[in-house]
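Chain residues, written in single-letter form:
Number of protein chains: 2
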Amino acid sequence: MNDTLGIALIGCGTVGGGVARVLLAHADRVTQRAGRPLELRRVVVRDPSKSRDPLIPLDIISTDIHAAINDPGVHVVVELIGGTGLAKRVVLDALAAGKHVVTANKALLADAGAEVFEAARRADRTVCFEAAVAGGVPVIRALGESLAANQVTAIQAILNGTSNFILTAMAEGGKSYADALAEAQKLGYAEADPTLDVDGSDAAHKLAILAQIAFGVAAKPHEIARQGIDTIEAIDIRFANELGYTIKLLAEAWTGGHSHSGNGAKLSRSGAVPAEPTVALHVAPVLLRHTDLLAQVRGAYNAVLVYGDVVGETLYQGPGAGQMPTASSVVADLIDLGVGRAQRTFAAAKLWSREDRGFTVEPPERVRSRFYLRLQVVDRPGVLADVTRILADEEISISSLVQHEAEEEGGGPVPLVVVTHYASTGRFRKALDRITRLPTTAAAPVFFSMGD
Amino acid sequence: MNDTLGIALIGCGTVGGGVARVLLAHADRVTQRAGRPLELRRVVVRDPSKSRDPLIPLDIISTDIHAAINDPGVHVVVELIGGTGLAKRVVLDALAAGKHVVTANKALLADAGAEVFEAARRADRTVCFEAAVAGGVPVIRALGESLAANQVTAIQAILNGTSNFILTAMAEGGKSYADALAEAQKLGYAEADPTLDVDGSDAAHKLAILAQIAFGVAAKPHEIARQGIDTIEAIDIRFANELGYTIKLLAEAWTGGHSHSGNGAKLSRSGAVPAEPTVALHVAPVLLRHTDLLAQVRGAYNAVLVYGDVVGETLYQGPGAGQMPTASSVVADLIDLGVGRAQRTFAAAKLWSREDRGFTVEPPERVRSRFYLRLQVVDRPGVLADVTRILADEEISISSLVQHEAEEEGGGPVPLVVVTHYASTGRFRKALDRITRLPTTAAAPVFFSMGD
Chain A
1 MNDTLGIALI GCGTVGGGVA RVLLAHADRV TQRAGRPLEL RRVVVRDPSK
51 SRDPLIPLDI ISTDIHAAIN DPGVHVVVEL IGGTGLAKRV VLDALAAGKH
101 VVTANKALLA DAGAEVFEAA RRADRTVCFE AAVAGGVPVI RALGESLAAN
151 QVTAIQAILN GTSNFILTAM AEGGKSYADA LAEAQKLGYA EADPTLDVDG
201 SDAAHKLAIL AQIAFGVAAK PHEIARQGID TIEAIDIRFA NELGYTIKLL
251 AEAWTGGHSH SGNGAKLSRS GAVPAEPTVA LHVAPVLLRH TDLLAQVRGA
301 YNAVLVYGDV VGETLYQGPG AGQMPTASSV VADLIDLGVG RAQRTFAAAK
351 LWSREDRGFT VEPPERVRSR FYLRLQVVDR PGVLADVTRI LADEEISISS
401 LVQHEAEEEG GGPVPLVVVT HYASTGRFRK ALDRITRLPT TAAAPVFFSM
451 GD
Chain B
1 MNDTLGIALI GCGTVGGGVA RVLLAHADRV TQRAGRPLEL RRVVVRDPSK
51 SRDPLIPLDI ISTDIHAAIN DPGVHVVVEL IGGTGLAKRV VLDALAAGKH
101 VVTANKALLA DAGAEVFEAA RRADRTVCFE AAVAGGVPVI RALGESLAAN
151 QVTAIQAILN GTSNFILTAM AEGGKSYADA LAEAQKLGYA EADPTLDVDG
201 SDAAHKLAIL AQIAFGVAAK PHEIARQGID TIEAIDIRFA NELGYTIKLL
251 AEAWTGGHSH SGNGAKLSRS GAVPAEPTVA LHVAPVLLRH TDLLAQVRGA
301 YNAVLVYGDV VGETLYQGPG AGQMPTASSV VADLIDLGVG RAQRTFAAAK
351 LWSREDRGFT VEPPERVRSR FYLRLQVVDR PGVLADVTRI LADEEISISS
401 LVQHEAEEEG GGPVPLVVVT HYASTGRFRK ALDRITRLPT TAAAPVFFSM
451 GD
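Which chain is which? The protein sequence lines are A and B, in order.
Read in order, the letters of the first sequence are residues 1 to 452 in full-length UniProt numbering.
Read in order, the letters of the second sequence are residues 1 to 452 in full-length UniProt numbering.
By construction, these hints were calculated from the structure, which means they are not laboratory data.
Note that CB positions come from ideal geometry on N, CA and C, so glycine has one too.
Certain hints may be false.
To be verified - Pairwise CB distance ranges, derived in the manner of DEER restraints:
| hint | chain 1 | residue 1 | chain 2 | residue 2 | range |
| --- | --- | --- | --- | --- | --- |
| 1 | A | E233 | B | G173 | 34 to 44 Å |
| 2 | A | A114 | B | D193 | 51 to 61 Å |
| 3 | B | A192 | A | G188 | 50 to 60 Å |
| 4 | B | E405 | A | G173 | 33 to 43 Å |
| 5 | B | Q185 | A | D53 | 54 to 64 Å |
| 6 | A | G188 | B | P413 | 52 to 62 Å |
| 7 | A | G173 | B | S353 | 45 to 55 Å |
| 8 | B | S353 | A | T195 | 48 to 58 Å |
| 9 | A | L55 | B | S353 | 22 to 32 Å |
| 10 | B | H290 | A | A444 | 36 to 46 Å |
| 11 | A | A27 | B | G85 | 42 to 52 Å |
| 12 | B | D3 | A | A192 | 52 to 62 Å |
Hey, can you work out the whole structure from these sequences and the hints?
Set out below in structure tokens:
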């Protein structure tokens, strides 16, 4: 086992550069931790003329993926291309060539996990992916190894740093959504096209991976109910604050009955083993009490709160993206392969396999939650009677209601906020449709889940 | 590898009962996770007539440690006796008999880690101890595996749930130390004799273990500078709050120069690799800014903030004690042994070995910190001049100073709070001695470190 482990990096952008730096600048440390040398033998890039870390020997840089994968001196292929096209080809070819794979590619695993893992099992090789979820936060190991004595009953997670940065800037700086987004872009926390971050897609990919580890379900990202942060206005942040809540974009999974966050239907956070083998999944803005652990996660950080039936709740928090945090997780996987741990974990975990742990994904409309609903209504008699009648028709009771006096004279639209008791998403949506069609409803209603 | 792993529990009190319950009530789950059955074959107790979990077959309960350890059907001995007497004998005998050991015994590892690990290496067996630090929070795996790409540059941790419960009750309930302690005892968070929890000994044991993993230093707990929470009064909580701080009992390790929490001397939290291979260790009440992650950890929870030179800061938080959280970590170790991961980790990590990672422990008097100092002084002219002169003599500058008007007329002692800039602990102690001897100093000064 003291043989050198040869490594090929496919893709050497931000994260790849970080991985190369750790392997080259801290070779002694990595060798000591892995019990054998980890040697960077191939770096495959699109444009070899681009200037790179001077520690990378020029003669290992090339554009030839095929040669890198088939180099007998390469034992591990690190896929850092991203996406589900070329990246998938590289991963499958690497496995077929008898190489282990380390990847940070959440989209690939969420979309094609079964295919990739089946190929790995056929080739008797290992796929590692700590960096694919929550960057530098070791949540894959936490779920798969540290909490192995538990059946996870719920996960509540901040998995998109961009969205959390924007929401923090709105809550603490009183900024509008547009201004907060612009600030995030200026500081490099948001892309020029931020769609996949702010519409919940990125978090849904990551949640699909966590749900596979925790529950054995293979939910496709597009099957996960998803709501982004782009409908949140400054006024919602203020109303939430007035009610004692902070709005966070959460990726959530919870088991048992069909309720959000441990209500009467009993489950998830009670520490009891789920009575019903169903798991609800969604990505959505959620109102959390100011004192909740996740309400206090600020800026671009990620945090994952896991409820296990033995341990109770544990929290994992840290940088969810960025060059060196992500490199930290990629190199941890390489060290695990060097030690021989990763191979054992891979064989034992049977991820994306036919092994059924009995969980099925709950249809979104059956998921129960409390809801925050903000309407813009025309300020005239009977409005409240209409809205409350519609909710009553769907057997949705009201927990609290806030309507302030109109700021201006003259009966322009005013905001009306209703917080409901638990209701199924299906019935809430029905009520919402009817409320939207009321002649007194002046704008599309805005709604979010309540975290309690 | 599909052979059954036979387990003997030595000690079946609170934690042992929890371990037995998980292994027996969730046998299918544990088998699935470990890839082989884990069978509880022996339970050794002092008093077999005591009533226990009805799931434990009566015929595996005995008082015979020797028979359990030497049973050829037993492959892993779980030591849950505690202490460093009989427990050490059991662990060494088990290793000599060719058994792996899982233990939750922080005192044993902190005091005799070298002896135990050397014995394990001689016997080619593995020792696992996730439960020994922070109960259900998987910080041993985080430091040893997840962060393996990093040199840890600092650790800041709440490792004693009892102390944190008391400090939370003082801060949020306005309670005195005595009342908060009484409440902790009533709720089962503090023992009848709480000395080892509130004087910092318990946290020092745990810090010694973390320091071995992160820095390879073998500090004995009694060599770790230690200050408890029993000198904290309600007035300190109030003054700290007024200055923008929360007081927490922290176990801290930081590398590099000799300063507390990333000051000018540059290091630890900067993400840079430490320039000087020294590590400072202490357990002490520390004033943290209200917005610091650890300032927000409430009640009996534990939390560990780790600074790595690659990843930056990551946080691990959860229940630091209790039956099922601790059992969760013990069973995770058993599953790791079943999978074969633990053996790889043990061999690679070389803990408590002669392998030198170059760090030495900084002498406490050279450690630099800012200090909070509360004096009770006689309210008369010249007092402030004397105190500030003494600090100036030791080249300690003052960052802020709070003296409120005396509540009563008549010149009785009044509190005076001084917050210093960075100073070496040695010089601060010298100044403190002189201040204590001033005729105007009416009571023993109280001081804590500042977290920034």
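Could one say that the CB atoms of B/S353 and A/T195 fall in the range 48 to 58 Å? 52 Å, holds
Worksheet item: Taking 22 to 32 Å as the hint, is the beta-carbon distance of A/L55 and B/S353 inside that range?
Response: Once the Cβ atoms are compared, 30 Å apart, the range 22 to 32 Å for B/S353 and A/L55 holds.
message = Can you tell me whether the CB distance of B/A192 to A/G188 sits inside 50 to 60 Å?
response = 55 Å, holds
Pairwise beta carbon distance, B/Q185 to A/D53, judged against the given window 54 to 64 Å:
57 Å, holds
Starting from the range 33 to 43 Å, see whether the pair B/E405 and A/G173 falls in it by beta-carbon distance.
38 Å, holds
*At the C-beta level, are B/H290 and A/A444 separated by a distance inside 36 to 46 Å?*
Holds: the Cβ-Cβ distance is about 39 Å, inside 36 to 46 Å.
Between A/G188 and B/P413, is the Cβ distance one that fits in 52 to 62 Å? 55 Å, holds
Exercise for the section: Using the Cβ atoms, figure out if B/D3 sits within 52 to 62 Å of A/A192. Expected result: 57 Å, holds
Cβ distance range 42 to 52 Å for A/A27 and B/G85, holds or violated:
Once the Cβ atoms are compared, 44 Å apart, the range 42 to 52 Å for B/G85 and A/A27 holds.
Q.
I want to verify a distance hint. Is the separation of the beta carbons of A/E233 and B/G173 within 34 to 44 Å?
A. Since A/E233 and B/G173 have Cβ atoms about 38 Å apart, the given range 34 to 44 Å holds.
task = Mind checking the hinted window 51 to 61 Å against the Cβ distance between A/A114 and B/D193?
result = 56 Å, holds
Range hint compliance [Cβ, A/G173 to B/S353, 45 to 55 Å]:
Holds - the Cβ-Cβ distance for A/G173 and B/S353, about 51 Å, lies within 45 to 55 Å.
The earlier numbered hints are all upheld by this structure, with none contradicted.
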